[in-house]
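Chain by chain, the residues:
There are 2 protein chains.
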Amino acid sequence: MLDRLRAIVGAGNVLAGADAASHSRDWTGSYTWSPLAVVRPGTTQEVAAVMRLAHEARVPVVPVGGNTGLVGGTKAPGQLMLSLERLNRIRALKPEARVVVAEAGVVLARLHDAAADHGLLLPLWFGARGSAMLGGALSTNAGGSNVLRYGSTRGLCLGLEVVLPDGRVLNLMQELHKDNSGYALKDLFIGAEGTLGLITAATMKLVPAPRAHATATLAAPSLAAALTLLNRLQEVTGGLVEAYEFMPGGYMDRLAQLRPDLGQPFAERHEVTILVELGATAPRDAEPRPDGAIPVVDLLEETLAAMMDEGAVLDAVVARTEAQRAAMWARREAAAELALTRGPLVDTDVCVPLDRVQDFLHRMPLRLAALDAGATDLTVAHLGDGNLHYTVFPSTATPELLDAIRSAIEDVVAELDGSFSAEHGIGLSKLASMRRRKDPLVLEMMQAVKSAFDPLNLMNPGKVLPQNPEETRP
Amino acid sequence: MLDRLRAIVGAGNVLAGADAASHSRDWTGSYTWSPLAVVRPGTTQEVAAVMRLAHEARVPVVPVGGNTGLVGGTKAPGQLMLSLERLNRIRALKPEARVVVAEAGVVLARLHDAAADHGLLLPLWFGARGSAMLGGALSTNAGGSNVLRYGSTRGLCLGLEVVLPDGRVLNLMQELHKDNSGYALKDLFIGAEGTLGLITAATMKLVPAPRAHATATLAAPSLAAALTLLNRLQEVTGGLVEAYEFMPGGYMDRLAQLRPDLGQPFAERHEVTILVELGATAPRDAEPRPDGAIPVVDLLEETLAAMMDEGAVLDAVVARTEAQRAAMWARREAAAELALTRGPLVDTDVCVPLDRVQDFLHRMPLRLAALDAGATDLTVAHLGDGNLHYTVFPSTATPELLDAIRSAIEDVVAELDGSFSAEHGIGLSKLASMRRRKDPLVLEMMQAVKSAFDPLNLMNPGKVLPQNPEETRP
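Protein chains in written order, with full-length UniProt numbering: chain A, 1 to 474; chain B, 1 to 474.
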């Protein structure tokens with residue numbers, strides 16, 4: 001097998017044994033494994049040849065990009081890992097048509113830079129953008145702060161190139177804004193975490209890059225007030241809100257403890273701290289006035305001032321320099337570090353309807369206290385999407401307690417008509433939730449799709465769809 | 001069978017024989033048939049019971065809503081038609097969360113009215129909105145003028161309720177903005193034209209209704225100039241363009257001939273006439289100034305004036321009253337009447353990349369002249385999406401010529417990396433195009449999906465996916 005792989009991609013691009021050590025754990029450290037080998041094809045044709053070979057030999061294939069996932073989606077014990085890192089060409093960037101055609105192994109930050117050269121933005125933006133790759137972002141339908149304004153990764157993708165489990169290349173590449181010729185196959189592969197086929201390239205929409213930002217950190221008396229403010233800002237600006245990030249009091253406390261270097265926005269402690277950012281492209285919003293003032297910044301400041309008069313904002317600071325803006329974002333982007341650097345923990349990524357975020361935060365502490373009086377929690381949220389990253393640190397680490405906590409969170413999410421997985425995906429870590437919470441008929445139809453595309457169950461087997469109880473263990 | 005249907009929905013809601021006559025042809029008159037019966041369930045449970053019965057009896061089911069489709073998607077010879085007309089409740093409208101939950105049989109115009117009561121808009125807008133129903137719009141992923149700003153029907157839908165071919169109810173209803181728990185089943189049913197299951201209800205996004213419109217008709221020296229103007233308008237307004245509709249000289253000629261009552265925008269004849277509309281929600285754009293001027297109208301006027309100075313606009317008239325705006329839209333919305341009231345014809349609905357629309361219009365007359373020197377054509381386009389409705393009136397109506405013309409159009413579309421079906425769907429009328437033009441591997445995977453959801457081929461059989469040559473005949 002290894003020899004045949006070497007014949008396809010060259011000896012230097014088949015890593016086994018100690019050479020594959022860097023591909024034997026995930027970013028969080030929760031999952032470790034020993035792959036059969038890591039193969040690094042450099043072209044779609046090489047990917048196809050590798051897949052044909054694996055298909056003939058009935059060897060399971062696990063795709064990997066930047067390996068920044070949070071749900072164990074790249075665990076590959078004894079399986080063949082197919083790394084997309086060498087499939088990293090930007091095939092075309094068309095500024096007039098506002099599209100970029102890129103391969104799966106292109107790091108997001110490189111796409112951001114390439115688009116910025118033309119005054120454009122790929123609005124797929126999250127903490128790991130410096131190492132996450134396009135293919136992984138598509139395979140997980142990755143979210144982030146900008147979904148609020150620009151929609152999901154699925155919505156940003158116009159075309160896909162996919163290698164099927166048997167090595168055939170499915171060409172769904174196009175740059176059309178409308179196409180109703182048959183079923184939405186493209187949307188199936190996006191978010192399938194490599195279980196239906198392997199994404200090798202995509203055509204992505206670009207948007208005009210904001211020419212001015214207005215960024216502020218503010219304190220609100222309640223979440224309800226914060227949501228009123230969001231609606232007001234959208235109304236006043238005509239939908240320019242690019243990010244609306246919620247950091248509760250407990251988050252700010254932990255930040256003060258673990259990252260005192262990042263500072264605190266306010267002298268007083270507040271229960272509801274919000275990072276808001278507007279992005280303006282139009283000259284009437286973005287071009288400095290004769291006195292140097294930026295209209296969109298004034299608009300934000302005026303709206304916050306009016307809301308303070310109404311009591312809906314308690315305090316606010318507007319960024320006046322790029323450094324101030326960066327400092328505000330650093331406090332938000334420390335979230336992964338704050339949450340994941342202390343184990344054991346139960347980390348979740350849930351979504352509830354916008355008007356029920358408060359309910360979630362009211363109900364959880366009561367449930368948690370009943371299970372484990374010593375537990376603490378940490379929340380940070382993309383409030384504009386109803387998407388909460390809620391992490392629990394239990395006082396002991398028995399599998400039973402961890403599972404009971406996860407189940408209690410799922411209970412509350414289900415009561416509020418939410419989803420137990422908003423933007424990180426399922427991988428291995430949420431298989432138990434899929435089994436417990438997903439409608440059995442929905443699971444049955446998903447399994448029917450899986451069988452239609454991958455009848456031999458060779459593509460990232462055991463991920464996304466629950467099969468047996470054992471596979472959920474890290 | 002009929003008795004058992006009557007037992008489910010009541011005798012008055014099973015139409016057969018002469019009573020079913022109104023359900024025996026499509027809107028265009030191109031397709032006629034005699035259905036086994038028409039059944040009109042009033043609840044999802046009744047739909048499910050009908051589907052279970054049909055499944056047991058192996059009777060094919062064809063769903064029908066407003067029957068405004070253009071591709072023969074409701075033809076049901078000897079088959080059971082399931083009309084959604086009585087499944088017409090608006091289950092909930094939540095202005096704060098900006099969503100509406102409605103059943104498949106709700107007419108779009110009713111949803112528009114209900115949303116308008118709260119200052120909101122369901123941006124799913126096309127000529128047939130007065131009779132088209134939500135279920136049909138979803139099943140065909142219907143397009144329209146507003147896709148440019150607000151995206152596709154698929155993108156506007158947050159949740160779906162579907163009855164599967166065997167009568168089980170698949171609950172994909174939710175109002176979440178992020179959900180990554182498994183495959184995108186919802187997106188599969190949208191645009192599947194009832195071949196995978198039957199949509200009974202949906203949760204749709206609403207957007208703030210524009211509080212001011214700026215509408216103009218303009219003449220441009222070329223399509224390239226028109227596209228430059230579109231980009232300029234998007235830049236200057238920060239993306240407020242709601243519609244950008246192209247009417248060539250030949251379209252305006254035909255309008256003058258057949259609908260002289262609608263008038264002409266300019267004394268001179270122009271090759272490129274554009275209807276543009278901006279929609280503004282923000283007070284800084286929409287609120288009248290002390291002198292009564294509306295800022296967004298001024299912005300449009302100033303931009304058009306600047307472009308006239310540059311020679312990129314030849315003439316323009318800005319609507320000053322709602323009546324003037326309505327008159328401009330009436331000229332555009334006469335398109336279906338202008339195209340379809342004279343047979344025989346080949347009507348198409350194609351999409352090409354934005355920068356290749358001009359290529360399409362250059363190449364087609366040459367190909368057409370070679371096939372039929374006496375043929376004439378008619379074009380109207382959603383230019384901002386690259387979506388052209390291109391209709392040919394051949395001098396004779398032999399099936400061979402009609403087919404050769406359709407094939408020539410497909411040739412040009414394929415040369416330009418376009419799609420032969422942008423927004424109307426496949427139904428029966430584009431099955432031959434699917435067979436000829438769609439990548440066989442893509443067709444194979446679509447068939448695999450069909451078999452996974454509808455193994456007995458009972459749901460709107462023979463539509464969307466080509467099976468044998470006979471079925472493409474009207």
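Just so you know, the hints here were simulated from the structure itself, not pulled from any lab data.
Everything numeric in this text was worked out from a predicted model, so none of it was measured.
Hints may be right or wrong, so weigh each one.
To list a few chain B residues with every Cβ distance to chain A over 12 Å, as calculated [said to hold, decoys possible]: (1) Q234; (2) L299; (3) R342.
Pair by pair, the computed Cβ-Cβ distance ranges are [stated by the list, open to error]: (4) B:N231 - A:Q358: 36 to 46 Å; (5) A:A92 - B:L443: 21 to 31 Å; (6) B:M1 - A:Q45: 27 to 37 Å.
From the three backbone atoms N, C-alpha and C, an ideal C-beta is built for every residue, glycine too.
Now for the hints, and whether the structure bears them out:
Listed as a non-interface residue, B:Q234 fails to keep its Cβ farther than 12 Å from every Cβ of chain A; the least gap is roughly 7 Å. With a least beta-carbon separation of about 8 Å from chain A, B:L299 fails to lie farther than 12 Å from that chain, contradicting its non-interface assignment. Once the 12 Å rule is applied to beta carbons, B:R342 is consistent with being away from chain A; the minimum gap is 25 Å. At roughly 42 Å, the beta carbons of B:N231 and A:Q358 sit within the given window of 36 to 46 Å.
Separation of A:A92 from B:L443 is about 27 Å and conforms to the stated range, judged on CB atoms against 21 to 31 Å. At roughly 54 Å, the beta-carbon separation of B:M1 and A:Q45 lies outside the given 27 to 37 Å, and the hint is violated.
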